[in-house]
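**Q** Assemble the whole structure, with the sequences as input and the hints as a guide.
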Amino acid sequence: MNGIEYFLTALRSIGQNKVRAILTTLGVIIGVMSVILLIALGESAQAYVEREFAIMGSNVLIITPGRQETTGMFPISAGAHRKLTYDIAKSIKRKASGVTGVASNCIGLAAVKFRTRERHVLLIGTTPDFEGVRQLYTQIGRFVSQKDVELNNKVCVIGTTVKRELFGDQQALYETVSINSCKHMIVGILEERGMALGIDLGDLVIVPLPSAQQMFNMEGVGEILVGARSQEDIPIASAAIKRIIKSAHDNNEDFTITDQDGMLKTFSRIFDMLRLMLTGIASISLLVGGIGIMNIMLVSVRERTREVGVRKAVGATRTDVAMQFLIEAVTLSVIGGLIGLSLGAFGAFVIHFLYPNLPIGISMWAALMAFFFSLGVGVFFGVYPAVKAASVDPVVALRYE
Amino acid sequence: MVVCNPMTNESQDSFIRVKDITKIYDMGDSVVEALVGVSLEIEQGTYVAIMGPSGSGKTTFLDILGCLSRPTSGEYWLKGQKVSDFSEARLAQLRNHEIGFVFQNFNLLPRASALGNVELPLLYDGVPRRERVRRARESLEAVGLGDRAHHRPNEMSGGQRQRVAIARALVNQPSIVFADEPTGNLDSRSGESIMMLFNELHAQGKTIVMVTHEPDIAQHAERVISFKDGLAVKDVWQRKRENQS
Ligand SMILES: Nc1ncnc2c1ncn2[C@@H]1O[C@H](COP(=O)(O)OP(=O)(O)OP(=O)(O)O)[C@@H](O)[C@H]1O
Ligand SMILES: [Mg+2]
Numbered sequence: 001m002n003g004i005e006y007f008l009t010a011l012r013s014i015g016q017n018k019v020r021a022i023l024t025t026l027g028v029i030i031g032v033m034s035v036i037l038l039i040a041l042g043e044s045a046q047a048y049v050e051r052e053f054a055i056m057g058s059n060v061l062i063i064t065p066g067r068q069e070t071t072g073m074f075p076i077s078a079g080a081h082r083k084l085t086y087d088i089a090k091s092i093k094r095k096a097s098g099v100t101g102v103a104s105n106c107i108g109l110a111a112v113k114f115r116t117r118e119r120h121v122l123l124i125g126t127t128p129d130f131e132g133v134r135q136l137y138t139q140i141g142r143f144v145s146q147k148d149v150e151l152n153n154k155v156c157v158i159g160t161t162v163k164r165e166l167f168g169d170q171q172a173l174y175e176t177v178s179i180n181s182c183k184h185m186i187v188g189i190l191e192e193r194g195m196a197l198g199i200d201l202g203d204l205v206i207v208p209l210p211s212a213q214q215m216f217n218m219e220g221v222g223e224i225l226v227g228a229r230s231q232e233d234i235p236i237a238s239a240a241i242k243r244i245i246k247s248a249h250d251n252n253e254d255f256t257i258t259d260q261d262g263m264l265k266t267f268s269r270i271f272d273m274l275r276l277m278l279t280g281i282a283s284i285s286l287l288v289g290g291i292g293i294m295n296i297m298l299v300s301v302r303e304r305t306r307e308v309g310v311r312k313a314v315g316a317t318r319t320d321v322a323m324q325f326l327i328e329a330v331t332l333s334v335i336g337g338l339i340g341l342s343l344g345a346f347g348a349f350v351i352h353f354l355y356p357n358l359p360i361g362i363s364m365w366a367a368l369m370a371f372f373f374s375l376g377v378g379v380f381f382g383v384y385p386a387v388k389a390a391s392v393d394p395v396v397a398l399r400y401e
Numbered sequence: 402m403v404v405c406n407p408m409t410n411e412s413q414d415s416f417i418r419v420k421d422i423t424k425i426y427d428m429g430d431s432v433v434e435a436l437v438g439v440s441l442e443i444e445q446g447t448y449v450a451i452m453g454p455s456g457s458g459k460t461t462f463l464d465i466l467g468c469l470s471r472p473t474s475g476e477y478w479l480k481g482q483k484v485s486d487f488s489e490a491r492l493a494q495l496r497n498h499e500i501g502f503v504f505q506n507f508n509l510l511p512r513a514s515a516l517g518n519v520e521l522p523l524l525y526d527g528v529p530r531r532e533r534v535r536r537a538r539e540s541l542e543a544v545g546l547g548d549r550a551h552h553r554p555n556e557m558s559g560g561q562r563q564r565v566a567i568a569r570a571l572v573n574q575p576s577i578v579f580a581d582e583p584t585g586n587l588d589s590r591s592g593e594s595i596m597m598l599f600n601e602l603h604a605q606g607k608t609i610v611m612v613t614h615e616p617d618i619a620q621h622a623e624r625v626i627s628f629k630d631g632l633a634v635k636d637v638w639q640r641k642r643e644n645q646s
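Chains A and B, in that order, give the protein sequences.
To convert, note that position 152 of the first sequence is 152 in the working numbering; the numbers rise steadily by one, no gaps.
Every number in the working numbering is 401 more than the matching position in the second sequence, counting from 1.
Keep in mind the hints are simulated off the structure, nothing from the lab.
Among the hints, erroneous ones may be present.
Unchecked claim - Computed footprint of chain B on chain A, listed as stretches where at least three residues anywhere in the stretch have a Cβ under 8 angstroms from a Cβ of chain B:
| no. | region |
| --- | --- |
| 1 | 307–316 |
| 2 | 385–398 |
To be verified - Restraint ranges, calculated between C-beta atoms of paired labels, are given here:
| no. | chain 1 | residue 1 | chain 2 | residue 2 | range |
| --- | --- | --- | --- | --- | --- |
| 3 | A | Phe7 | B | Arg491 | 20 to 30 angstroms |
| 4 | A | Ile284 | B | Gly545 | 55 to 65 angstroms |
| 5 | A | Phe353 | B | Asp548 | 49 to 59 angstroms |
| 6 | B | Val432 | A | Ser391 | 21 to 31 angstroms |
Yeah, the Cβ is synthetic: ideal placement off N, Cα and C, and Gly gets one too.
**A** If you want it as structure tokens, here you go:
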């Protein structure tokens, strides 16, 4: 008997009890489906975060007031600390090496009004370097200039969403809007940028730093963004910045420098761990699925003792019988794997449909892994029932009522 | 009726020759001696009936002859080969090529069609599908079931089922057919027609060894061997080989 015959025999015997076959492979179906989905989700989340960080500009250092004890995510401010100031930002730009630009930001929420239309937006008070550091350029008009900052000009740059919501198809440039009841002239409109980390980069208004400080009644600056020339310059720039601020703060390190790439690495580490964990959980469910197959195969061997006896009586060898049952188990498992794979792909499709922003897809290696994993599960858990079937004594089997 | 001494001829080239066959079932706390030392020979082309009271070891003996089980001790020669020394794989091959087995309870695969059941021995002989189907059909036609090829066992009468089983036993053209009470589960009419089939087989020159309880059935055989308590106690030739009807 050859491989194809074994396979056909296995298919026939699976086909004789389809419902049970599906129930048998349910564990494998769910296992493979979850492996596929979890891997896809993990990869998509990682790709998403990486893409978002790229949109936010690369090689950026973020200085925030307050000490942060551990390296990692966003700073948690604790205790008294000095404010960061525009002067410090200027001296960083003057003295620190490897720095391409320094932006001083004051960020808050504000109501922007044009005639009768009003919109609550993210308001960023900043300095001219922001444009280059954050890589957020104007499409029409100009960005906030050095003069605007020095003279406290009441000008603003608006994002595309704000433009659309307040002006529709009308001209917006050189119109005057009131921001928190303070009149500002629009001098520029940002280019379309979409979303980054859940923030609509078109739904913001940028004003010169002093104007925002006035509006929010703040003296210092909320954060200083420093653009480093390259990845390699980040440590040098970071050290220089630390020195400069410490000397201005009586040698106190009451501020935090966050490196965007460092954050990205932290994210990656978290994702790797998450993926490992999820894969572990999914593997356990695959294992359970395999045990399910073994269980049903063992029951099946008992039920089909007579069948085995008949086959042996007409000339089936132990190998023939073992192969028949083994291939049946493997076929069940692989069918389960393929169903799980399709369901996982379908799930990914649904997620993509619901969240078009998530770059989700089934990677080739995940699909191959699912296939070979279910094959392996079938072989591993099929061997024992197959050996059991092969060792059935035909006489006992045939007289067994 | 002619009574012969069954244990005179020791020639190696006897078709079937068993010597001091025993079969002991070890049940743990007790031991069942199903066969306690059977020696006999069967010539090619003979139609043998095995009779005897229940539990006398007839089935046990036939299973050993049919290579379904091995004797605990003793020698079994088939066509000059010492089968009692064969490996399991060679026994399987022997069951496939040389032996057709017919059971009292038919032992068909319930979910396979008549054709599928008859194909089985050919499947394990590696016969290609097309030829398998052709030969299985021929075999079914030979037992008068050409029109039932796609029926499942539960869609057939007992007599028809037994015919399927006989078609299966014959499909690989074995030289010997063993039957263990083939009419035991049938009414007398279907039993009689099954017996006609066996007579035909015998006429074709096949060796037949059949276990039966019924003297009527045993009438068809040339030689009747009686078992008692695990021994062949009587061996009777009841008529010469002649043309069957
Ligand atoms: N698998 C087995 N395990 C233990 N004892 C067995 C086994 N098979 C048969 N025996 C015993 O061996 C003896 C012979 O049994 P066997 O089936 O050969 O009798 P038989 O002559 O065919 O009887 P019957 O006419 O009722 O079919 C009996 O005592 C039986 O109980
Ligand atoms: Mg019996």
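**Q** Confirm or reject the claim that A:Ile284 and B:Gly545 have a C-beta distance inside 55 to 65 angstroms.
**A** Holds, since A:Ile284 and B:Gly545 (Cβ atoms, about 58 angstroms apart) stay within the stated range.
**Q** Taking 49 to 59 angstroms as the stated bounds, is the beta-carbon spacing between A:Phe353 and B:Asp548 within them?
**A** holds (56 angstroms)
**Q** Take the region 385–398 of chain A, compare each residue's beta carbon with every beta carbon of chain B, and decide whether three or more fall closer than 8 angstroms.
**A** With 4 residues closer than 8 angstroms to chain B, the region 385–398 of chain A meets the three-residue bar; holds.
**Q** May I ask you to test the hint 21 to 31 angstroms on the CB atoms belonging to B:Val432 and A:Ser391?
**A** holds (23 angstroms)
**Q** The hint says 20 to 30 angstroms between A:Phe7 and B:Arg491; measuring C-beta to C-beta, is that right?
**A** 26 angstroms Cβ-Cβ, so the 20 to 30 angstroms window holds.
**Q** Count the residues of the region 307–316 of chain A whose CB lies closer than 8 angstroms to any CB of chain B, then report whether that count reaches three.
**A** holds (count 9)
This entry satisfies every hint, going by the numbered hints stated previously.
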